[in-house]
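With the sequences and hints as input, model every part of the structure.
Number of protein chains: 2
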Amino acid sequence: MANIRLLAFDVFGTVVDWHGSIKREVEALDLGVDTDEFTLAWRAGYAPAMKRVMSGELGWTKIDDLHRMILDQILIEFGVTELSENQKIDLNLAWHRLDPWPDTVEGLTNLKSRYIITTLSNGNISLLTNMAKRAGLPWDCILSAEVFRAYKPHPDTYLGVARTFDLKPEEVILVAAHHNDLEAARDCGLRTAYIERPLEFGNNNIKDVSARADNDYHAKDFLDLHQQLKQN
Amino acid sequence: MANIRLLAFDVFGTVVDWHGSIKREVEALDLGVDTDEFTLAWRAGYAPAMKRVMSGELGWTKIDDLHRMILDQILIEFGVTELSENQKIDLNLAWHRLDPWPDTVEGLTNLKSRYIITTLSNGNISLLTNMAKRAGLPWDCILSAEVFRAYKPHPDTYLGVARTFDLKPEEVILVAAHHNDLEAARDCGLRTAYIERPLEFGNNNIKDVSARADNDYHAKDFLDLHQQLKQN
Numbered sequence: 004m005a006n007i008r009l010l011a012f013d014v015f016g017t018v019v020d021w022h023g024s025i026k027r028e029v030e031a032l033d034l035g036v037d038t039d040e041f042t043l044a045w046r047a048g049y050a051p052a053m054k055r056v057m058s059g060e061l062g063w064t065k066i067d068d069l070h071r072m073i074l075d076q077i078l079i080e081f082g083v084t085e086l087s088e089n090q091k092i093d094l095n096l097a098w099h100r101l102d103p104w105p106d107t108v109e110g111l112t113n114l115k116s117r118y119i120i121t122t123l124s125n126g127n128i129s130l131l132t133n134m135a136k137r138a139g140l141p142w143d144c145i146l147s148a149e150v151f152r153a154y155k156p157h158p159d160t161y162l163g164v165a166r167t168f169d170l171k172p173e174e175v176i177l178v179a180a181h182h183n184d185l186e187a188a189r190d191c192g193l194r195t196a197y198i199e200r201p202l203e204f205g206n207n208n209i210k211d212v213s214a215r216a217d218n219d220y221h222a223k224d225f226l227d228l229h230q231q232l233k234q235n
Numbered sequence: 004m005a006n007i008r009l010l011a012f013d014v015f016g017t018v019v020d021w022h023g024s025i026k027r028e029v030e031a032l033d034l035g036v037d038t039d040e041f042t043l044a045w046r047a048g049y050a051p052a053m054k055r056v057m058s059g060e061l062g063w064t065k066i067d068d069l070h071r072m073i074l075d076q077i078l079i080e081f082g083v084t085e086l087s088e089n090q091k092i093d094l095n096l097a098w099h100r101l102d103p104w105p106d107t108v109e110g111l112t113n114l115k116s117r118y119i120i121t122t123l124s125n126g127n128i129s130l131l132t133n134m135a136k137r138a139g140l141p142w143d144c145i146l147s148a149e150v151f152r153a154y155k156p157h158p159d160t161y162l163g164v165a166r167t168f169d170l171k172p173e174e175v176i177l178v179a180a181h182h183n184d185l186e187a188a189r190d191c192g193l194r195t196a197y198i199e200r201p202l203e204f205g206n207n208n209i210k211d212v213s214a215r216a217d218n219d220y221h222a223k224d225f226l227d228l229h230q231q232l233k234q235n
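Top line first, the protein sequences correspond to chains C and U. The number in my numbering is simply the position in the first sequence, starting from 1, with 3 added. The number in my numbering is simply the position in the second sequence, starting from 1, with 3 added.
Just so you know, these hints were derived from the structure itself, not from any lab. Among these hints, one or two may not hold up.
Same chains, same names: a pair is fine if it fits in one copy or spans any two.
The list that follows gives simulated cross-link-like pairs (lysine to any residue, SDA-like), each with its CA atoms no further than 20 Å apart [as the list claims (entries may be wrong)]:
{"#": "1", "residue 1": "26", "residue 2": "201"}
{"#": "2", "residue 1": "65", "residue 2": "208"}
{"#": "3", "residue 1": "136", "residue 2": "6"}
{"#": "4", "residue 1": "136", "residue 2": "166"}
{"#": "5", "residue 1": "54", "residue 2": "30"}
Since we're looking at a predicted model, the values are computed, not measured.
This is the structure:
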């Protein structure tokens, strides 16, 4: 294994529990919708929206604005008409208020003692900064699609992290709970660590987290990843 | 005074003591040069080098590479011929190892409890990240000329911070020990706080730190700035 210098983290689902956090905020508004389905629909709009940016159909648009476009659409689909503009603005900012998984803060703190730890998220810089400040995530650096003006899985994001730190791709591990993200990173020469997050989509949609041979590490959580890396 | 939400900090001289730190590393190499003059010459090459980038004479070049270009020049001027390539690479990275002023870590920690605190430096992202990790600087976010692809005092840097966080310019304070930086920020509508750093250029070149009326705040150090902001 090459000399690992930096860990780059996917954030939504890997570091924070978007499903539980968004569902809680939707519930608090008492909209009379199935909050589980509403939350999943909001998230499901995310990948298609980024594709519209990357295809050039939309100019550069940050996730806050994509989240709002999707929200406006699903409010119609779910027949919600009672929210004021200020309530919509605040609900959209729920993505800045996502809770970490139970192991996240301790795990990141451990990993930070040995490596540079940075976000590599499609979330915008202010979203990631506000989230970190609220949740106490001890990032060394906030890197985002917004910095590279490209959304993952575009190579400019993975290679951008390595270039920013004058590292070889194999000196960087992408840490993520999503195989497509890890696969794209691996295609760029990065090392990869898969993190099991079986509850990413909630208790009603348990995710298959079985190991795949092509990842360099497969860890139950960040504490486990730290233990495995210590043995290198 | 508008509702201040974010403090953006100049770094070299304002947060860290570049003169004392670089001088110490040059001294350790025992090059037989006047280390004070050598340090001042290295720093003096910085503004002209950035101007070459901003004029278009050089393509985008990060500070690490500008520092190296200047180093190669002053090694000739000071008649230093004995450094190996690895020694030059390491000496150039001395800019990643600058020490904070005595009030810096406590002052930033205090300010962080009330505001988002970010760098807004011409230093590159890896330099600022490595510096923060070594010195324990508790940034919420690392913003740099490298993110905006423009060097201060270009307006894209000051306005870029506000835009990144969806803030009005007057909700942001630029904190700096340099009047030209503060003046450019003010021209973009930001608030400004001047920090006295009389020893920025060393004991042999005490800086005039007298107050100018056009800054919103004039503080002895970050602890003093925190006290002043608490009274708003």
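Homomeric proximity label, residue 65 with residue 208: Cα distance no greater than 20 Å: neither (28 Å within a copy, 46 Å between copies)
Status of residue 6 relative to residue 136 across identical chains (alpha carbons, at most 20 Å): between (30 Å within a copy, 19 Å between copies)
Status of residue 30 relative to residue 54 across identical chains (alpha carbons, at most 20 Å): For residue 54 and residue 30, neither the intra-copy (29 Å) nor the inter-copy (54 Å) Cα distance is at most 20 Å.
Within, between, both or neither: residue 26, residue 201 at alpha-carbon 20 Å: Result: close within a single copy only, 17 Å intra versus 53 Å inter.
Within, between, both or neither: residue 136, residue 166 at alpha-carbon 20 Å: between (26 Å within a copy, 19 Å between copies)
The structure fails to meet hints 2 and 5 from the earlier list, while all remaining hints are met.
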